[in-house]
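**Q** Protein sequences appear in the order of chains A and B.
Taking this note's numbering, the leading residue of the first sequence gets 1, the next gets one more, and so forth.
Taking this note's numbering, the leading residue of the second sequence gets 1001, the next gets one more, and so forth.
No lab work stands behind these hints, which were simulated from the structure alone.
Check each hint, because a few of them may be wrong.
[Stated by the list, open to error] Stretches of chain B that chain A covers, calculated by requiring three or more beta carbons in the stretch to come under 8 angstroms of a beta carbon on chain A: (1) 1242 to 1250; (2) 1423 to 1434; (3) 1439 to 1453.
Virtual Cβ for every residue (Gly too), placed ideally from N, Cα, C.
2 protein chains.
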Amino acid sequence: MTEPILVNGSWVPGDTDQTFVATDPQTGKGLGTYPVSSWDDVDAALQAGWDAYRSVASTDPSVFATFLNDYADRLDSRAVEICSLAHSETALPLNPRLLDVEIPRTTGQLRQAATAALGRAWIRPTINPTQKIASMLRPIPGVAVVFGPNNFPFAFNGVSGGDFAAAVASGHPVIAKANPGHPGTTKLLAEEALAAATDAGLPAAFVQMIYRTDHAVGAKLVSDRRVAATAYTGSQNAGLALKAAADAVGKPIFLEMSSTNPLVVLPGAWRERGEELATEIAESMLMGVGQFCTSPGIILAAVEEGSDAFAKAIASKLDAASAGTLLDQRVQTGLSAAYQAWSAAGAKKVTESNAKGPGCSFPNTLMRVSAAAFVENHTPLQLEAFGNMGLLVEVPDIASLHACIDVLGGSLTGSIYSAADGADDDTYDAIVEVISERVGRLLNDKTPTGVAVLSAMNHGGPYPATGHPGFTAVGIPASIERFGMLQCFDNVRPARLPDELKPDNPLGLMRFVDQTWTANRVSWG
Amino acid sequence: MTEPILVNGSWVPGDTDQTFVATDPQTGKGLGTYPVSSWDDVDAALQAGWDAYRSVASTDPSVFATFLNDYADRLDSRAVEICSLAHSETALPLNPRLLDVEIPRTTGQLRQAATAALGRAWIRPTINPTQKIASMLRPIPGVAVVFGPNNFPFAFNGVSGGDFAAAVASGHPVIAKANPGHPGTTKLLAEEALAAATDAGLPAAFVQMIYRTDHAVGAKLVSDRRVAATAYTGSQNAGLALKAAADAVGKPIFLEMSSTNPLVVLPGAWRERGEELATEIAESMLMGVGQFCTSPGIILAAVEEGSDAFAKAIASKLDAASAGTLLDQRVQTGLSAAYQAWSAAGAKKVTESNAKGPGCSFPNTLMRVSAAAFVENHTPLQLEAFGNMGLLVEVPDIASLHACIDVLGGSLTGSIYSAADGADDDTYDAIVEVISERVGRLLNDKTPTGVAVLSAMNHGGPYPATGHPGFTAVGIPASIERFGMLQCFDNVRPARLPDELKPDNPLGLMRFVDQTWTANRVSWG
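With the sequences and hints as input, model every part of the structure.
**A** Below, the structure written as structure tokens:
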């Protein structure tokens, strides 16, 4: 029996013969059969979503806030059931992770988005009162499409994650594309989203959900005229194919696709606290079995020539930890491919354990390579190894460090560890500018795997980590602004202005008036 | 003798055999021979521009401000010579226009950008002090490329216009692509830009300029790894080709490409002040011989069935005005092509004069079409007629008006004229939402041809008016933000933070701290 999709408020069978089976990565056991949606299903969702957009276009943001808060409450109430299924589908542990970390993070995001919707934190109201010109961000017309990744079944899920929350906060109905790695979890989430939307009086098609499409249907979806914008988190290959389709017709698409997250250890830091750093780095590498977008994949370590102390220190931590179960077989296959590519490019394995966990698994692996080889073969050596494998680049001197940094591609994060006593400061100053150019978030003395949901967070970065370096997928209100179009009101009669821009500022908002932020009312004309 | 290009601080002959001749559109007289740059020339400019970026990456913004202000002063000083040549190259009048309107607008923009650079108005500093996370916009690394259009020889010129000013204010060297319609003017501007850059102590390659490339070289330019971002104003065909090239490699590109600027006249407005409106609309249509991005190209007028009073009223104004000289032969050819396409789609000419101006010219033309025909043939009838020709769509009732608005494509502007006494208010309310979705700037009772350089201005709009509805080419600081990448600093030691983000706020900036705008210092950690 094939599971239904959620279209226009109803759980309906997909109009398709194609299906896929969800599996437990620990046991290989089947967990249900799901449809691969046809264009007809997608087209129906698009039309219902467009009609829903039209019907909510003048809705007070308090309705979206009510929906988001109620949905968050519902997820908290059903957390145990949802986490239990998510654990089966992803092998991610209940504690610490799904129940005590990812659910609170997800509901916290939804509630932050509710607050931002209510407070209009994302609209950037800008006014030149003398000239009677005012502007703000308003929703790009249409339905938002959100593709969720495999590695965060709630916090980045198309129907509950940060992109979903941002799309709703900006007033958009959403078509969620579940990740096929956790379709059952996504179905449970969508049930709660639908119930919350219904309770909030939102249209039936405010939240819709499909599980999977083929590439052609996916491309047609993101380039459809009824779409406002698409947010995507996932693999680079699929992301670039969607980007090409959306770009060709001028449809905004925001992608978070890949990242090697270079981490630099300067010599003074190694001397001061080498063992401690090795532990910290190894723990970061293994967080979520390495299946984090911000997992440190390339460690550039200033080591004395000929010394393998740092490699051994990290490797011993990895060898001592048990290998976890991966999200699915594709992750395991990807790690094997990266291992082959890195080996062919001159990297050697340092870890000694070949132990695997139950089901889909790969031994915790550290490889090492010389700085010279890294520079020479930087393309294959920067192939993202999504999972519990990392590459240590052993850098004998500062000139080599510069050469390595010069070949780095775009990443979400870059970390620099330096001595507390200032011994590395000159080197830090010499490298920080070029590192900064390649990453969206620069860290000091900290691993990149924590992505706090804060206004100053950037979960973005230069291509190909994302599609555009100006945007972030995490951090409110910036993540919401992605779904906005800039609209200017020129000589529009004051009573006709949106409340956000009215001269007497009825909502009491902070507004950018003649180049100054103020909550004061303004004189018109 | 072929004019030189400006590469790395020197005026050098282009490494090319291909040339083009600039001509006076009034007389057809040749005004100089200019090179079509080869890839080798462009490559040299890119490398010098990249090196210049690297050398200014830590420069204090006051240096860019000094450059912009000094450059503005220089343009004021040399205005008569520059305007004289621009008049020869474009046939745009000296007064009112080049000397008394466009030069002050251009120097005003440069000075506004200088103020924004100094005050960091564009960087959006955002801080979560407790968590030691802060972010801001910083220049996307690389050289900015700016393509100028034919219709504003200064205010949108690649080497002096709003995009240029925005790119410099954000800390970027610029490679300007002159418009081949006014290469000599652009050379004079570039001379002053170079002198100002030299005086400011900026690198020799801070401002570079080429005149023209073929399509393949242009595509290679905007997709080059050394480019930060491209800003383009010009035709849709060329713009879309550049967009495809830049998109394919994830290079940001901001385009302003085309617009029909629908203008709606509701029945009460016509009754109240029909003659006055006809004059206002005709004047707006003829401003710059209709060669404005925001020229009202499609007038949707609620008229009584069978009445041609409104058509006649506008036509009589157009017939009474002399036809101006167009920018070049291509504009004339474009108008003829649009005339043919509109005719084939059912539009009929209303104006009676066939008089042309000196040189490249086209009679002032109004065509009319029924609402039903417009809806049926909306694609050819929305072909942009860039120049002194417009289309009046006669709309007999509100249902027809809705149908017409529903088929409108994306435009920079949309205007609605309604009765002062409130007679049209219900109709206004019924149509404003859908009009708003299609335009970047909504006007009331005002023609769209004035684009004030103000913080709330939006010179942008839905595709295909631009490439992305979230951005504006005019209006500071928003136009500057386009050249920024978001960068987050996570646990970075306070002394290493940019001054803009330091806890004690040494620059006294307004900053977004824990969701509130404040200039207060913050406690770290």
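**Q** Checked against the structure, which of the hints given earlier come out wrong?
**A** none
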